Structures are given as structure tokens and as C-alpha cells.
Amino acid sequence: MLEINKLQKKYENFELNCSMKVEKGYITALVGENGAGKSTTFKALLGLIKPDGGEITIFGKKPLELTAKDRAKMGIVLTDSGFSGYLKVKDIIPVMESLYTEFEKSRFLDLCNKLDIPLNKSIKEFSTGMKAKLKVLCALTHKAKFLLLDVNWCNKIACI
Numbered sequence: 064m065l066e067i068n069k070l071q072k073k074y075e076n077f078e079l080n081c082s083m084k085v086e087k088g089y090i091t092a093l094v095g096e097n098g099a100g101k102s103t104t105f106k107a108l109l110g111l112i113k114p115d116g117g118e119i120t121i122f123g124k125k126p127l128e129l130t131a132k133d134r135a136k137m138g139i140v141l142t143d144s145g146f147s148g149y150l151k152v153k154d155i156i157p158v159m160e161s162l163y164t165e166f167e168k169s170r171f172l173d174l175c176n177k178l179d180i181p182l183n184k185s186i187k188e189f190s191t192g193m194k195a196k197l198k199v200l201c202a203l204t205h206k207a208k209f210l211l212l213d214v215n216w217c218n219k220i221a222c223i
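Note that my numbering has the sequence shown beginning at 64, numbered continuously upward.
The set of hints was computed from the structure by calculation and includes no laboratory data. Treat the hints with care, since some could be wrong.
[What the hints assert, rightly or not] DSS-like mimics (lysine-lysine), calculated; alpha carbons at most 25 Å apart, straight line:
(1) K124 with K153
(2) K124 with K113
(3) K187 with K151
(4) K72 with K124
(5) K208 with K187
(6) K168 with K84
(7) K106 with K206
(8) K132 with K206
(9) K136 with K73
(10) K168 with K206
(11) K101 with K73
(12) K177 with K106
(13) K124 with K194
(14) K87 with K73
(15) K184 with K208
(16) K136 with K87
(17) K101 with K153
(18) K87 with K206
(19) K101 with K151
(20) K87 with K101
(21) K125 with K72
(22) K124 with K73
(23) K84 with K132
(24) K136 with K184
(25) K72 with K113
(26) K124 with K87
(27) K153 with K125
(28) K113 with K132
(29) K136 with K208
(30) K177 with K208
(31) K136 with K187
(32) K84 with K124
(33) K194 with K206
(34) K153 with K187
(35) K106 with K72
[Stated by the list, open to error] Here are the computed distance ranges between Cβ atoms for each label pair:
(36) A92 with K206: 18 to 24 Å
(37) S190 with Y74: 28 to 34 Å
(38) V94 with Y74: 43 to 49 Å
(39) L182 with L162: 17 to 23 Å
(40) L182 with D133: 28 to 34 Å
Only a predicted model underlies this, so the values are computations on that prediction, with no experimental measurement involved. Heads up, the beta-carbon is just placed ideally off N, CA and C, and yes, glycines get one too.
Using the sequences and the accompanying hints, generate a full structural model.
Okay, structure coming up:
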């Protein structure tokens, strides 16, 4: 499902060298201190940054070869991503429906209710933990075949 072979990325005071393989059906954690290269690895995997060397394949393809259909099979949560604070959760639902043909609206609404995520409140009014829950719910409610959760706030979502 995912293979990273000798991935390299160099910055002024940092050099990433990473290799790993994740088979279908496995849960794998990439653990390290702040600045260890976890987010850099994930951004390279998604084609958001260009590696200096090595090779990445997901679903048997290089990141820049992934189609919209391939990407729809992925549930992604990045620490530095999210929704506009001016949106309400109810505004996100049509976006999710248009992006993901398998978006599970009823499951999403049920989980929002169970986790006390208000549908009619602006996201800018949410706590950090509520924003984290919302991002994870979006990643989990469209039958993704591959989840990538770049989280540094796991202690805030222990209830999920």
C-alpha cells in the first residue's frame, strides 16, 4: 500500500533519510521528536514537497501520479491544515459530499453529535481539541482505504 525507499530531504539544519513499508491492513506509527521529519515525510508522500532523493509509492503509484480517484481513497489530517474559521460544520457537509463519492453523511452527523461538535457554530469559535476532532472525523467518514494522521495532539482526541 505504501512504500518509502531512501527518502531524502535536506534543509539548512536538517537532513531526512527515511525508508518504510506499510502493507494493507496494518496500522503503523511514525514516531519522533519535534523536528525529526515526520511532517516532512508526510508532505513528500502527498506530493506537497519535492524530495531530494529516494522513491515513494502509494497504491503502487508515485505521489504526483495519483489521480483524484486515488486521492479520494485517502483520509488526510495534517497538523497545519484545516477549514476556514468562518465556516460552520454544516457548511462542510456539501464540500465533503462533492469531494468524496462515499462520504457517509449520517455517520458524520452521528459522530458530531456523540463528540459534541456543534453544526451551527463557526469553526473559529472551536477549541483546539474540537478542531482536531472535526479534522479526524472528516478523514474517517468517507471510507478511506489509507489514513494519514499527522497529529501532535493525540492526547486531545483520546475520546475518539
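*Straight-line Cα separation of K124 and K73 no greater than 25 Å?*
holds (23 Å)
*Mind checking the alpha carbons of K87 and K73 for me, to see if they're no more than 25 Å apart?*
With a Cα-Cα distance of about 30 Å, the restraint between K87 and K73 is violated, given a limit of 25 Å.
*Is the hinted pair K106 and K206 satisfied, with a Cα-Cα distance of at most 25 Å?*
With Cα atoms ~22 Å apart, K106 and K206 stay inside 25 Å; holds.
_Agreement of K136 and K87 with the hint, judged by alpha carbon distance not exceeding 25 Å_ = holds (13 Å)
*Take a quick look at whether K194 and K206 sit within 25 Å of each other, Cα to Cα.*
Within the cut-off at roughly 21 Å; holds.
_Hinted pair K168 and K84, Cα distance within 25 Å_ = violated (32 Å)
*Does the Cβ pair V94, Y74 satisfy 43 to 49 Å?*
The hint (43 to 49 Å, Cβ to Cβ) is violated, given that V94 and Y74 are roughly 21 Å apart.
*Verify the proposed pairing of K153 with K187, using a straight-line Cα cut of 25 Å.*
holds (14 Å)
*Holds or violated: K106 with K72, Cα cutoff 25 Å?*
holds (11 Å)
*If you draw a straight line from the CA of K124 to the CA of K113, is it 25 Å or shorter?*
holds (15 Å)
*Restraint status (C-alpha distance of K136 to K187 at most 25 Å)*: violated (28 Å)
_Checking one constraint from the list: CA of K84 to CA of K124, max 25 Å. Satisfied?_
Holds, because 14 Å separates the two Cα atoms, which is no more than 25 Å.
The structure is inconsistent with the numbered hints 1, 5, 6, 9, 12, 13, 14, 15, 17, 19, 24, 27, 31 and 38, although it conforms to all the rest.
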